[in-house]
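Full structure from sequences and hints, please.
The listed protein sequences correspond, in order, to chains A, B and C.
Converting from the first sequence to our numbering requires adding 967 to each position, the first position being numbered 1.
Converting from the second sequence to our numbering requires adding 303 to each position, the first position being numbered 1.
Converting from the third sequence to our numbering requires adding 9 to each position, the first position being numbered 1.
No wet-lab data here; the hints were simulated from the structure.
We put the beta carbon where it would ideally sit given N, CA and C, even for glycine.
It cannot be assumed that every hint is accurate.
To be verified - 20 angstroms max Cα-Cα, derived SDA-like pairs, lysine to any residue:
#1 B:K616 / A:L1080
#2 C:K197 / C:L275
#3 B:K474 / C:K219
#4 A:K1244 / B:L513
#5 C:K77 / C:A411
As the list claims (entries may be wrong) - Residues of chain B placed beyond 10 angstroms of chain C at every Cβ, according to the derived structure:
#6 T435
#7 Y453
#8 R469
#9 R485
#10 I489
#11 S525
#12 S540
#13 P567
#14 Y590
#15 L598
#16 L614
To be verified - If the Cβ cut is set under 10 angstroms, some of the chain B residues that face chain C in the computed set are:
#17 G461
#18 L463
#19 A476
#20 R520
#21 H560
#22 R570
#23 K583
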Amino acid sequence: MLQDKTIGNRIFDIINYTLLILIALVCVLPFVYVLAVSFTSPAEVARGGLILWPKEWSLASYRYIFSTDTLFRSMLVSIYITVVGTFINLLFTSLMAYPLAKATLRGRQFILLAVLFTMLFGGGMIPTYFVVKAMGLTNSLWSLMIPNAISAFNLIVLKNFFQQIPDGLEDSARIDGCTDVGVLFRIVLPLSMPAMATFGLFYAVGHWNQFFSAILYINDSRLYPIQVLLRQIVILAQGSIGDTSIDNIEIQPLTIRMAVIVFATVPILLVYPFLQKHFAKGVMLGSVKG
Amino acid sequence: MKQNVSTSAGTPGIKAPRGKAGTLLRDIIRDKWLYLMLLPGVIYFIIFKYVPMYGVSMAFMDYKPYTGFLGSPWVGLKHFERFFSEPQFGMLFRNTVILAVYNLVFFFPMPIILSLMLNEVRRAKFKNFVQTLIYIPHFVSWVVVVGIFYILLTTENGVLNELLYRITGEKIAFLLEAEWFRTMIITQSIWKEIGWGTVIFLAALAGVDLQQYEAARIDGASRWRQLWHITLPAIRSTIIILFILRLGNFLDSGFEHIFLMITPTNREVGEVFDTYVYTKGMTQAQYSYSAAVGLFKSAVGLVLVLGSNWLAKKFGEEGVY
Amino acid sequence: MKKRMALLMGGALLATSVLSACGSNNGQNAAGGKTDAAKGNSNAPAVEDTSPLELSIAVHQAAEAPAKGNPMEQAIEKYTNTKLSFQWIPNSGYDEKINVMIASGELPKILKVSYVPTIISAMQADVFWEIGPYLKDYPNLAAQPETYYNNIKVDGKLYGLPVFRSVGRAVLQYRKDWFDESGQKVPKTLDEWYNVLKAVAENDPDKNGKKDTYGIMLDKNYNQGVASTLTRFSVMQGGPNKWEADEQGNFTPEFMTDVFNDTLDLFRRLYAEKLINQDFAVTDAQTIDKAYEAGRVALRISGGNAQSMQTNLVKVVPTAVMDAAALEGPGGIRVPAESGNAGILALPKSSVQDEAEMKRVMTFLDQLLDKEMVNLINKGIEGTHYSVEGDFTLPLDKDADAKEVKPYRDTLLQRGESYNMDKPMKQTELFQKNNKIVSDNEQYVVSNPALTLISTTYTERGSELEQMITDAETKYIMGKIDEAGWNAEIEKWKQAGGSSLMEEYKEAYLKNK
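Below, the structure written as structure tokens:
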């Protein structure tokens, strides 16, 4: 690496680093705004403008949102469906993606095409509801995990990742007497940690952001995940998306809305840094050697 | 080790002779475990995706919730005929396609470029730091993103517009002028999703063997050549797959985002299929009509996916299936 | 860990035992139930069946769904001899959820719906009980003004009860301190309005040396729906409420009347002279609220209460004084009539199976307007949410009221102080003044003649047609189109279905007459 230090390389590095810092700053801006407003007094917010650092600090909005147990309860629901749901997703997706990565498997193309087809065409809300109901899943948290156990998109991309694993490694395991199931769990999955981390993250975020299926499939409001509450408090207040005939929605002050956003977003934001080590370059072959 | 890998590519020992009865059965028996693994997924797709598929028939009925699928009358292609003969159809089609093309041209490559930039960073801590920050906007809802843009760009004390005013003596109504609409939409999309988009490419890049770079450097290859010959090929198939899958949603414009950005003064360039269907389906309860528009969008997506996949395979790529 | 678990379980047990200890109807079974039912019977003689009625109710969720079996619900259950199960559905999926419920036949006994095309067609298809003929048997329900019921009829038939709301909510709220200081009066004619708005925008009433005040500010919904500022303005000046019908039944939309066009011209002039916010077409209502709260605006026409504006305003501008006035034009007070409900409580036929059951549910709804229930639903539980002081009641805990009482106040039948309330809530003078204007407004309301008329064109492309015109209004105010352009847009509207809309309304009107 030392012989890299030519002038050209240095200039490249300087430009690259500067650009990345700028991009990072611009990207973090919206969240800084949300965070700052949530800690600002309503009077300062009323004066308007872009607030990136509160002048008049206030914890009032957090005091307000913590004054009920609804937020905590829905947070627990969200964490539960995210953890259990993501586990189910990864298991089912990799079980299905692995055979599909084998070029010699009979019927593979037909299945892939059939999966791809579901990405484009769907039966819609009401028929899907009937299926979920017939399976006896309505009004339980399973209705938020089982009906979306496999995402066609993730399946196809994961299949692609599996295909790039050198076949030789699997063959040696097979010679050692492993079945295909054993090869998947002992060789392929450990080799695919970056992919697992990626799709785990995709699935987790998907579960975390679910709100519509919760409203549709669940009647007991104690089982609602945090996003339902977030929509209720934030989105309707500003967007006027949704039921246009209801005009007496209670609108919470901006500071409280932002505090709810912070509360509902920080847990899922914390997931990524933990997964990050799996994205380090060369992980895959490193582990093979070791 | 490395050599070992490359020589044993392919599947030795199971190159059964082709054709003839019996080989099919032999292949299936050979792969019995693989089929067993496929089973849960296949059952899942049948139950939750294919059983409800009869709902597509809604587009050919006059569906009402209280009469259901069995009681609603069949109307054939009535909704499609109506859709294609709408006076706005031309405008909707143009707006949707232009926006979709802009998305593919300006938005789609951005995460790839950013991943490549990150890939060039040698300091792990700096890289982790930047990564952790850039993916945050993905979690901020469109309502908030649009709200922040309003604070920045409104002509009433908007932060950036005030700055502009001080420099040029003029303000620009970015949020109202039709000519700025598409720029705004694409900029916001990039801002929100660029970091999130890098995740999948970084995962693909994690598979690149560091020794290849080492070897290239010893051969005196410049960074550009390394990028071109090692890094890009490593993520090429991922890029192609994502591109093909994106084409499947070609006519989806991101309803919530567009809906929040449309104003009376930019509607002529802003109204797309998704927002039009919302007005029809949600506020006027024309389920069948909305379903027909949805079916049209899906059909276009299907043609694009099949076409692009065929093309990819022709150029020797793996493609989606 | 185990200890904590045990503690938790203990806590849960304690909680349930406390709850059942409070609920006289809830905890006990058959044995105790009889005496309770008997009590319920003496309270409400209309009830024949003595066992509590199982009643499922699906309504919009307030900010937070109240807990099941809370004291409010227990009190209602006890009085009405029912066993309630509320299903609180969040707004962001209400319409879809109802569609799924209708499609799958999983309907509650009472369902809150809106007066929108899907529901209207469901009503026409007899999905809900037609309750019109039975209304007279229920003293409280029969005592309510007929307008409320007429406004939700479909083909002259009544398929539900309105969740009552004032008909004339629009009130003018203004900065009294600014007006007093400059010696100005509340404007009436369009010229007076222009002068006042100009003066506020240019004379720096907040004396901060900056030209940052407006007479009035608009948000992007300024011409949408029942709360349209433009319609309120034009009605005040003598214009029609959305539609004008003459004696022959000819229908003219508001935007083809002179008064409305004069109002439009006023705003066009205000915009050109930068006397209203230039970005109104993209500004959401909350941003405008903030500007009002920050003391940058003089007047507003809204359905809110001047007192709450005052409360928010003094946090930023301690010297600010708000006042309320009725919408008065050159021809006296005129206010556009709203539909008079915040939704409709309908009884689906699939869940309320026979006439007897329907009557029992109606009895429940009628009981909600009894004195005891009116007090409970409006004010909560005495000692917890309010206390009695002489001829008034005093609110005790505003937060508890918002969380525990408001969800029921917003979804069940009640008409506030207008019907069967013992003692009014003690409020500030300003609050009462605003409220009095709202209740007085009922005499001055101008109704929308097309409100309950059914037109196929409207069902099919009503919102598109509306959007064409509201877009054109914005463009005209902003000077993007001139008068010729505006007339061309109206012509386009007629071509796109506006003419048939006018015809169909006429037809429906003459038929109903």
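(request) Over 10 angstroms to the closest beta carbon of chain C is the bar; see if Y590 of chain B clears it. (result) The assertion about Y590 of chain B is violated, with a minimum of 8 angstroms to chain C.
(message) With the threshold set at 20 angstroms, check whether the alpha-carbon distance from K77 of chain C to A411 of chain C stays at or below it.
(response) Holds, at about 16 angstroms.
(message) Would the non-interface assignment of S525 of chain B survive a Cβ cutoff of 10 angstroms against chain C?
(response) Correct as stated: the minimum Cβ-Cβ distance to chain C is 49 angstroms, above 10 angstroms.
(message) Given a cut of 10 angstroms on the nearest C-beta pair, is the interface hint for L463 of chain B held or broken against chain C?
(response) Result: violated, 13 angstroms to nearest chain C Cβ.
(message) Does Y453 of chain B clear chain C by more than 10 angstroms, comparing its Cβ with all Cβ atoms of that chain?
(response) 7 angstroms, violated
(request) Below or equal to 20 angstroms on CA atoms is what counts here, so check K197 of chain C against L275 of chain C. (result) Holds - the C-alpha atoms of L275 of chain C and K197 of chain C are around 13 angstroms apart, at most 20 angstroms.
(request) Taking the shortest Cβ-to-Cβ distance between T435 of chain B and chain C, state whether it exceeds 10 angstroms. (result) For T435 of chain B, whose nearest Cβ neighbour in chain C is about 30 angstroms away, the distance exceeds 10 angstroms, so it holds.
(message) Checking hints one by one. Is G461 of chain B an interface residue toward chain C, by the C-beta closer than 10 angstroms rule?
(response) Result: holds, 8 angstroms to nearest chain C Cβ.
(request) Please settle this one: L598 of chain B was flagged as non-interface, so is its CB more than 10 angstroms from every CB on chain C? (result) Non-interface label on L598 of chain B holds, nearest chain C Cβ at 19 angstroms vs cutoff 10 angstroms.
(request) Tell me if H560 of chain B is really an interface residue toward chain C, meaning its C-beta lies closer than 10 angstroms to one of theirs. (result) 15 angstroms, violated
(request) Please settle this one: S540 of chain B was flagged as non-interface, so is its CB more than 10 angstroms from every CB on chain C? (result) S540 of chain B is indeed farther than 10 angstroms from all Cβ atoms of chain C, at 39 angstroms.
(message) Please verify that the nearest CB of chain C lies beyond 10 angstroms from P567 of chain B's CB.
(response) Answer for P567 of chain B: violated, closest chain C Cβ roughly 4 angstroms.
Violated hints, listed in ascending order, are 7, 13, 14, 18, 20 and 21; each of the other numbered hints is respected by the structure.
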